[in-house]
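Mind assembling these two chains? They're in different frames, but the hints should get you there.
Going line by line, the protein sequences match chains A and B.
Counting from 1 along the first sequence, just add 520 to a position and that's the residue number in the working numbering.
Every letter in the second sequence is one number past the one before it in the working numbering, and letter 299, counting from 1, is 280.
Treat the hints as calculated values from the structure; they're not laboratory data.
Errors might be hidden in some of the hints.
Lysine-lysine pairs mimicking DSS-like chemistry, simulated, CA-CA at most 27 Å apart [to be verified]:
1) A/Lys622 to B/Lys34
2) A/Lys927 to B/Lys34
3) A/Lys804 to A/Lys729
4) A/Lys639 to A/Lys780
5) A/Lys835 to A/Lys780
6) A/Lys952 to B/Lys34
7) B/Lys282 to A/Lys639
8) A/Lys595 to A/Lys578
9) A/Lys851 to B/Lys34
Not close to chain B: a few residues of chain A, all C-beta gaps over 12 Å, as computed [what the hints assert, rightly or not]:
10) Arg616
11) Phe636
12) Asp652
13) Phe777
14) Pro790
15) Asn898
16) Asp920
17) Ala923
18) Glu931
19) Ala932
20) Gly939
21) Gly941
From the three backbone atoms N, C-alpha and C, an ideal C-beta is built for every residue, glycine too.
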Amino acid sequence: MHKRHKRFSRITGIIAAVAATSLALAGCSGGGSSGGAEGDPEKGALTFVYMGDADQQKAFNALFAEFNKQYPGIKLKAQGIPSGDWSVFSNTVATRLAGGQKIDIIQVATEGQRLFASKGVLEPLEPFIEQDQDYVDDYFADINPELVEFNEQFASGPDGETLFIPGGFNTMGLYLNKTVFEAAGVPIPEEGNWTWDEFEAAGTQIKEKTGAYLFGAGSGYFTDVMPWLTTNGASTFNDDWSEPTYDSPEAVESAEFVRKLVEEGLAPEPGGQFDAETQYKQGKLASIGGGRWPTIGMRNIDMVDDTVIVNFPTKTGNGSPVGWDAWNIAKKSENKQAAWTFIKFLMSQEAGEYFASIGGTIVPARTSVVESDAFTENAPAGSTRLSDAMAFATPIPSIDRGAEAQKAIQEAWETIITGNGDAADTLAKAQKTLEGLVE
Amino acid sequence: MTESTMLVRRPGAMLRRRRTEAAGWMFVSPALLLFLVFIAGPFAFAIVLALFKWDLLTDPQFIGFDNFAALFADPVLPQVLGNTFVFALASVVTHIVFGLLLAIAVNRVVSRTLNYFLRVAIFFPFLISWAAVSLLWKYVLDPTFGYVAQYGAVVGIDTPNFFTDPAWALPAIIVIDLWHTLGFTFIIMLAGLQTVPTELLEAARTDGANAWQTFWRVTLPLMSPTLFFATIITFIGAFQIFEPIQIITQGGPNDATKTIVMYLYERGFQAFDMGYAAAVAILVFVIVMGVTLLQFIGRRKWVHEA
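So that you can see chain B by itself, here it is in the shape it has in the complex (with noise of 0.2 Å):
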């Protein structure tokens, strides 16, 4: 490119390429501003709170770093904390395992038919709010009137007090969110399968591979981003979890179901602290945080990048 051409055509570029920025800030700018007002402004105000102890109704004294050591000598946090772990490893676990084994069961259903039903029916708890679900669940597994401790009965068998026994009262939350939850993580895990190029699996299975084969071999390794963006988000939905447990166990019984963000409520809406529950918001943010980064370190490991 010599000078003079450069002097004739730098202005004309440089007004599209102004255009072109002005048009992507245009574009932009919606979803800027609700990331900045429900987004990046209460996390900010977040890490502001936690610097000061506040009861919501008295003014707000400036505590400095006080909230965030408290966090280290909280005798309740190792629990919650790995109750929130146990929670969100179970519930990861679970969702993909059975999210991918009913998209590949529902992917090879033939009838058009059937197919949309067993989508929409898979899908539909998902589209309940976490209350009636809960209340439904309540229902369900009421110990005397339920349907299980009823059907229990009647073929001999003694079924558990599920929310008020410590052992069985974080299991039945897990089991309630796979119900709830599943459809959301079958639906990614179907859009991925279907992602898979069919001559692909022709080609294996001209090449004489038997169906364990092509699915450990060539689906699996095509669905692994599928897996991985599926990995984090239920991770990440998990770790928050506080609906259920709100409303079934209220964290009890001993403690034995609160997680970390049932934690966090507690302190900040019936102890008044509001100051130290936007500590345990950071330290939330913080454990995401770390080990969303972790997965995308380990990914590459385990994901087929094209």
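The shape of chain A in the complex, shown without the other chains (with noise of 0.2 Å):
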């Protein structure tokens, strides 16, 4: 028994040792140790990945062009990764630093945050903050209070350590058709507020008097549960995102007025490809929900100067979830002080510029930005309403576990909102998924 005993203990040391070597070849191992702020600020050659479809890394392309110009000792690899979700862009990322690949700078958003700063493979960012102080002040004296905050609440690492600084924003409101609207004769909300009942009696008479639906209903996490949820003082979890609330009787209210909206014929089935921007350019559709990613889509389809940007309508007050894109350099980069340079070229008013005028998917941090011609120039009426919505909006809460918690969560939201099950029971069995998610 104990030669057996040995023996097993040899063959699983050895296959340990092959393991480990070969994960070591395949440049797995995370953690890693800090090198501290490595390399020329001006020299060396960077990988930055971010989240980008064809049409966006044509817009970011434009930006990179101009970083390049001024710093041409940097030789800026810029990677767009069309994941369609923060989700999957997340898990992409983890599978190619897994894969080896040396990526110096990683745009994440919200729903990654939590999960790269758990596993130890960011660089702390106080001694580059400390570098430039009065740069990084100016950057955030300008930009949205309650975005430092947010940034320092949920996407600190473990210990409390700086590692991300926040880039543009996304919260939720609605582009409505005018078009649509003026035929139906339903006035636009008033200084973009109006409740659930007025949304639904507005859907009702667009139905009756042009045919069109009122909006398109999905399962997306950020744009399609949580503003019904905020909307009605609702979340996921609870404001440290330590505890599930998806099961709350607000919560289960939210999902039984959108499922009564789709009874309705307000909105189309879910559950295949429906075409929003075809189905709103031609007059059938009379919203769209998005943050300022939509207004790419409205140019492209020449709606701007018909479609006005309102809030979300309201069950007990005004709500929007919220996510941010924020930079960061890995532990592994080589060249952290060029990887800081860009980080800063990404912070400046000029960039801040690029992307509100040609980037047009987030809404930039700088506040100076948000008020400039740069952003309302060439966008629907109302898009400072995207930036005003700061102020009552709710941290998309993703958790460590982010990626299977959303699964859950819009799992549970497609299930009622096409009939297949009942609102309580439903939500009651995602909630018992999502403790399974934080213990």
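Structural data, given as structure tokens:
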């Protein structure tokens, strides 16, 4: 027995050694030692990954070309990952890191920040911030104070270290098709505020008069679930994301309300491939929910002037989820100083204006940019409401095991709005799953 | 052979044999290299990985056989395996039946132009990527704007919401898979059909056999090796179905379309539990290998071997 045990230990020892070697060869060992502030701030090669489809990449490329002009010694390799949602993006980046790809800067949205912060793969930024304290102070003085607070509260490292510099953000609003509203004789809400009941009544009248749908009901965590929860004082998790709250009576009420709108035919049945932009352009859809990103679509379909952005309708009070992009430096980066140079460039007024005018997918962090023409020109009326929404926004709860949580949240929502499950039962079941993910 | 002739002939024969062996290895080496790098290597890596707990971003921890033990206690696995077997069996049956029927029909078309056209038309969907096919069918089966719903409404049929109804989601994926992959089975069947010697068919006809008897007694037995091959290939392919499910339903609604490879992806790339995902991958290998072995054992009973 003793002999067998010894042989077994030897075999497992060999297997462990082989595995460790294989994993090391694959370059997957995480953690690693902090190298401090290395490299030349104006020389070296940098790999920057961000989420972006082909259209967005085209817009970003103009910004990167500008950076290269200013810093010809830094060879910037910017890679857009067309992931569709932030949890898929985070998974892709994690896989690339595990595969040994050298990435210096990762643009991470709220949905992935806790994941990367919890794994110890990012460099604390305090030394870099101290190096350029005045520059950073100037930036933080110009950005939305809630953004600074949220970033500190939800995106710090396990010991409170600063791992991210917040960039642009997104809240949720509703893009209203003025032509459809006028044809139905429904007034656009003054000051951008309206209630669930007013929204439903508007939808009924629009359907009667024009046959158009009021909105598209989906199950995207940020875009479809959170707006209805936050406008009813609910959320998926409590304030510090330590406990799920997805089965609260308010959450049940929110889901039932959306199901009711679908049942009434004010939204098409979810589950297929609903082309919202085309329907909107053709006057068959009265509104599209979104942050800043649908503005690009509105420009593409030439609907900017026919659109006004208003707040999401409310039950108990204004609400919106908010997520923000943030930049960091990977611990394994060999050009940390050059990476910091690039982050400083992204923090500049100039880059903010570029994001606002060309990128168009986010609300720039700098208030001065949001209030400038760069943000409001060639954009729907009411665009600044997206920035104002920060005052009542809830950071989208994104726990360490964010991808699994998001899946559970979305599946439950879809089950309810498609009429395949009772709201209270389905959310109670999802709540159990979420509880298992925060244990 | 005398001792002297052996002594004389042996060195030359050995040299020739060595040369032949060297040439053999040379010809085989590219395929062998690819096999080692892309199949044997990753497979060995998966076995090793299954002994670790690894979340991609931090160092792996050796946990022995815990991941394999966890397979037996996993409450999700039975449903996932059930879905996979239902899909694989439905896939094998529909592909073989429709592939064979189409091949027989096309084989009878005398016009060469029409024959080529039909072959291309039936095979064409197989050339389209799964991503495009999945999106296409999401449009086609959209409950409001899709063709099926629209035409259904015209004739008064209230079509279901295929991708969100747990009862319809898996059948919908089976139909989409049939549409996409049938061309491959069809081509194999057509090739098999053309190996049936015409003289045997003529002999059967001369003996007074009708079309059904000719098919049942002559064509089908001679096609059995082709059917055997198609069954194995289709089963293996179906058991590993992933792309349309990931794009269309993500395993929902209520896990109704969650197959074993979809689950493997979820555990590995959403839950970041790569060790457990590797254990699931090995389970997939064992099942596919087991079923294939059973098919090989059973072939003596029905496969006609010349």
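Here is what the structure says about each hint:
Among the hinted pairs, A/Lys622 with B/Lys34 is consistent with the structure: their alpha-carbon atoms are about 23 Å apart, no more than 27 Å. Restraint check: the Cα-Cα separation between A/Lys927 and B/Lys34 comes to about 22 Å, which is no more than 27 Å; the hinted pair holds. At most 27 Å may separate the alpha-carbon atoms for a hinted pair to count; A/Lys804 and A/Lys729 meet this at roughly 12 Å. Taking the CA atoms of A/Lys639 and A/Lys780, the gap is about 42 Å. The hint is violated against a cut of 27 Å.
Between A/Lys835 and A/Lys780 the alpha-carbon distance is near 15 Å, which keeps this suggested pair within the 27 Å criterion. For a cut-off of 27 Å, the pair hint linking A/Lys952 to B/Lys34 stands: about 24 Å separates their Cα positions. In summary, the hint linking B/Lys282 to A/Lys639 is not supported, as the alpha carbons are separated by about 56 Å, beyond the 27 Å threshold. At most 27 Å may separate the alpha-carbon atoms for a hinted pair to count; A/Lys595 and A/Lys578 meet this at roughly 18 Å.
Using a Cα cut-off of 27 Å, the hinted pair A/Lys851 and B/Lys34 holds, with the two alpha carbons roughly 22 Å apart. Against the 12 Å criterion, A/Arg616 falls within the reach of chain B, whose nearest CB is about 10 Å from its own CB. Taking the minimum C-beta to C-beta distance to chain B, about 8 Å, the non-interface status of A/Phe636 is violated against the 12 Å cut. With a minimum CB-CB distance of about 28 Å to chain B, A/Asp652 clears the 12 Å threshold, and the non-interface call stands.
For A/Phe777, the condition that its CB be more than 12 Å from all CB atoms of chain B holds, with the nearest at approximately 19 Å. Remark: the non-interface label on A/Pro790 conflicts with the geometry, its nearest Cβ contact in chain B lying 6 Å away (cut-off 12 Å). The beta carbon of A/Asn898 sits about 30 Å from the closest Cβ of chain B, which is more than 12 Å, so the claim that it is off the interface holds. Taking the minimum C-beta to C-beta distance to chain B, about 10 Å, the non-interface status of A/Asp920 is violated against the 12 Å cut.
Separation of A/Ala923 from chain B is inadequate, the least Cβ-Cβ distance of about 4 Å not exceeding the 12 Å criterion. The Cβ of A/Glu931 does not lie farther than 12 Å from every Cβ of chain B; its closest approach is about 5 Å, which violates its non-interface assignment. Remark: the non-interface label on A/Ala932 conflicts with the geometry, its nearest Cβ contact in chain B lying 10 Å away (cut-off 12 Å). Against chain B, the non-interface label of A/Gly939 is violated: not every CB pair exceeds 12 Å, the least being about 8 Å.
Against chain B, the non-interface label of A/Gly941 is violated: not every CB pair exceeds 12 Å, the least being about 8 Å.
Checked against the numbered hints given earlier, the structure breaks hints 4, 7, 10, 11, 14, 16, 17, 18, 19, 20, 21 and satisfies all the rest.
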